[in-house]
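Asker: Sequence:
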Amino acid sequence: MKKIFFCTLIVCMGTGLMASETTSTSDIQRSGLQNIDGKSLYIKRCALCHGKNAQKSPLKGVPALAGRNATILARITLAYREQDNRHGVAYSVNRVSQVMKEATSSLSNQQISAIATYISGL
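Here the sequence shown stands for residues -19 to -1, 1 to 103, numbered as in mature numbering (1 follows the signal peptide of the UniProt record, and there is no 0).
Hints listed in this document are in silico derivations from the structure and should not be mistaken for laboratory results.
Model, not experiment: these values are computed from the prediction.
Keep in mind that a hint or two might mislead.
Claimed, not checked - Distance condition first, Cα-Cα at most 27 Å in a straight line; then the derived DSSO-like pairs of lysine-lysine: (1) Lys82 to Lys33; (2) Lys25 to Lys41; (3) Lys25 to Lys37; (4) Lys33 to Lys20; (5) Lys25 to Lys82; (6) Lys20 to Lys37.
Model the full structure from these sequences, guided by the hints.
Answerer: This is the structure we're talking about:
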């Protein structure tokens, strides 16, 4: 329980509560990634809960992400950011989804795509 609280606290401190525009997965796929460092973003925004190499989470119930398909990861991240099912993935509101909403609320589509691309290559 302390780990979940700590993770939530860090995420809340590290992200702003910016409004996000509605986007499609194809927008993310078309986004330019050349100037965005997915690895650095992952380490800053995701590693605390999903693990340094995305292979094993330090928290119970938080999935390992390494090697997953980048498009699917981006869709899941969008669903968390926007708190809905429009991106073709199952989504439900729970405590973890609230942490993910905070962690992703200020990420741009290009940043989400860069993180997903980085994770898929691990």
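Asker: It remains to establish, for every hint, whether it holds in the given structure.
Answerer: Against the structure, the hints:
In summary, the hint linking Lys82 to Lys33 is supported, as the alpha carbons are separated by about 20 Å, within the 27 Å threshold. Among the hinted pairs, Lys25 with Lys41 is consistent with the structure: their alpha-carbon atoms are about 20 Å apart, no more than 27 Å. Restraint check: the Cα-Cα separation between Lys25 and Lys37 comes to about 17 Å, which is no more than 27 Å; the hinted pair holds. With a C-alpha separation of about 10 Å, the suggested pairing of Lys33 with Lys20 holds against the 27 Å cut-off.
Note on Lys25 and Lys82: the hinted pairing holds, with a Cα-Cα distance of about 15 Å set against a maximum of 27 Å. Distance hint between Lys20 and Lys37 is fulfilled; the C-alpha atoms sit about 16 Å from each other, no more than 27 Å.
Checked against the numbered hints above, the structure violates none of them.
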